[in-house]
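Could you build the full structure based on these sequences and the hints that come with them?
There are 2 protein chains.
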Amino acid sequence: MTISSFIPPQRTLMGPGPSDVSAQVLSALARPTIGHLDPLFIGMMDEVKSLLQYAFQTENEFTLALSAPGSAGMEACFVNLVTPEDTVIVCQNGVFGSRMAENVKRIGANLVLVERQWGRAVDPQQLQQALLAHPEAKFVAFVHAETSTGALSDAKTLCEVARRHDCLTIVDAVTSLGGVELKVDEWGIDAIYAGSQKCLSCVPGISPISFSEQAVQVIKQRKTPVPSWFLDQSLVMAYWSGEGKRVYHHTAPVNSLYALHESLVMLKNEELENAWQRHQQMHQQLAQGLKELGLEYVVPANERLPQLNTVYIPQGADDAKVRQYLLEHYNLEIGAGLGLFAGKAWRIGLMGFSARKENVALCLAALKDALVNA
Amino acid sequence: MTISSFIPPQRTLMGPGPSDVSAQVLSALARPTIGHLDPLFIGMMDEVKSLLQYAFQTENEFTLALSAPGSAGMEACFVNLVTPEDTVIVCQNGVFGSRMAENVKRIGANLVLVERQWGRAVDPQQLQQALLAHPEAKFVAFVHAETSTGALSDAKTLCEVARRHDCLTIVDAVTSLGGVELKVDEWGIDAIYAGSQKCLSCVPGISPISFSEQAVQVIKQRKTPVPSWFLDQSLVMAYWSGEGKRVYHHTAPVNSLYALHESLVMLKNEELENAWQRHQQMHQQLAQGLKELGLEYVVPANERLPQLNTVYIPQGADDAKVRQYLLEHYNLEIGAGLGLFAGKAWRIGLMGFSARKENVALCLAALKDALVNA
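Residue numbers (our numbering), protein chains in the order written: chain A, 3 to 376; chain B, 3 to 376.
Check before you lean on any hint, since a few could be wrong.
In this list, chains with the same sequence are indistinguishable; a pair is considered to hold if it fits within one copy or across any two.
Derived lysine-lysine pairs resembling DSS-like cross-links, with alpha carbons at most 27 Å apart [unchecked claim]: (1) Lys247 to Lys346; (2) Lys107 to Lys225; (3) Lys247 to Lys51; (4) Lys247 to Lys323; (5) Lys140 to Lys323; (6) Lys185 to Lys51.
Quick caveat, the hints were computed from the structure, so don't treat them as lab data.
What follows is the structure in structure tokens.
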């Protein structure tokens, strides 16, 4: 078999991620590779750290870009902080909450599940009850923006509740970072991880993470080594740290970090609040159009993620055929349902660079056609 | 602080990796991002698998590109195969052998170290003795091309010895893949991992791995879950598998995989044997020139890696100043010593696209200047 260069088509990406990557970011990605210990590259890493502090709204010294996807970012938070003796309350309202629970199980820690119906936000009252029933709990973990359902949870309130019970918080911001209000320091989040390929519109493969001083202390006071060498953040800290000599841990994904740097510069220039507002505006335009097409949202209006619109597949429409039609006729990708919603819902993303008027217009026009002709 | 776009200089990369990335690969990297479940992308993943089978010289069904750097590839091999009851013989002759040992320790398995002087190849006799002393051993692990010292071990013989004692082999091919002879099936390697940024001259961040059928059986017969969810290859298999429906595990690093695909197409077009020969030829030219400059190799001639030339820093030369001079005056990166060789040796890489006549010429001319004027 002869294999030649792969030339992808120009798609419009309105699924659950990756989102559209701008020409500006792609062009940064393709700049000449330099050494990962080159003084100029180390200077760029410092800038990435500072830009991530802005994006997360934190002054956490321990803020960096993990050299792997968001699911590794999740695991890094759990394996560094949680030991087998700990009790962890995991709020579960979708696929990614289940994945958090899986992380706790593999560590061998005590798992307390606070389950909420898929498509709803996590309920602070339920969390409060679980905390009262489990005074031994040390951590509360939840997903800010559930990518499998499109539900936005009230991270600020959940963190308040957790703190009242002396728990540290672990927050999944994979889909929320850059798309909706998120204030790590003000809300008192202790460990947070995100993804590069959602509302930052960078290429997939990198996970921004940040740990509070208190979380860093927990890591420093561990009595047993972190089970994963690759994800051991005490080693990674020595690689990213600005103080003195960098200690080699692994080879950073140089070009992907160029792209992340560029996407964060774009976010800084737009300003966070404006990016949040843009996502909200595009969401409203899309929601209006989807309503006119007779599509119904899975999530109640006040718990919806602007950047991920989950709607029920209408009766008579063929899930796979509609998505294939959109791809073939319009080069438009929307997302299939995941987990409980597989075959029942579509997920329409408006993330980062995908949250543009032209994308909303295209999506509505193409869906209208597909619902009739697919 | 205002942060603007990062524009890296055009360096020549002759350190221990990343190596020079060609314009062809950078241009593939920057192609438009498409969805990681797009049928066209899945087709490309199948091609990557087939191209990796060629590069590894294997028909292993379980051959794929892990979405993280080589050190995660190493960990994936260990945590999937090794359980706390197992005894693992690790041959250690440099930094990366030590890292293998660290992996075994973190799993809590029994570690038997076969230590060899840094700068020398692993000794099959020593391995044989260790196997006789430890009939309970289940795995033998070693580094094919030790990036910290420039030593090439005889993987074929080491695998033969291991197999005679019914051990499975775990081999680090981070720096060897594409640069020196490597035949996974013929030599009977059971688990192998490599890096994208060495002799493949792709961007850093991806780790090609391959497991033999016997290794896959070991994974399937595990009684406890793999401690790492992210690196659990039974889940990753279902994402990469060609049979039936792909099961979502994480978002693949789409653009980095475009680049890997392109670098593998280039390798296939050049043909493996020619690539090995090119590395050897460039090595001989470089070695001749280094000798003329009065520099001495750390590794005996018959155990040297062509793609990584480790030479002692001559008396009177200032390590940091020379490297800085090369970088500032010639945009040329060579590698510092690592571990025991920090401050004592330089590592000059001739990996992949860096193994070119023009690079050898530049390196020798620049070094000659730097040794006098730095």
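Hints that the structure is at odds with (numbers, increasing): Of the numbered hints, just 5 does not hold.
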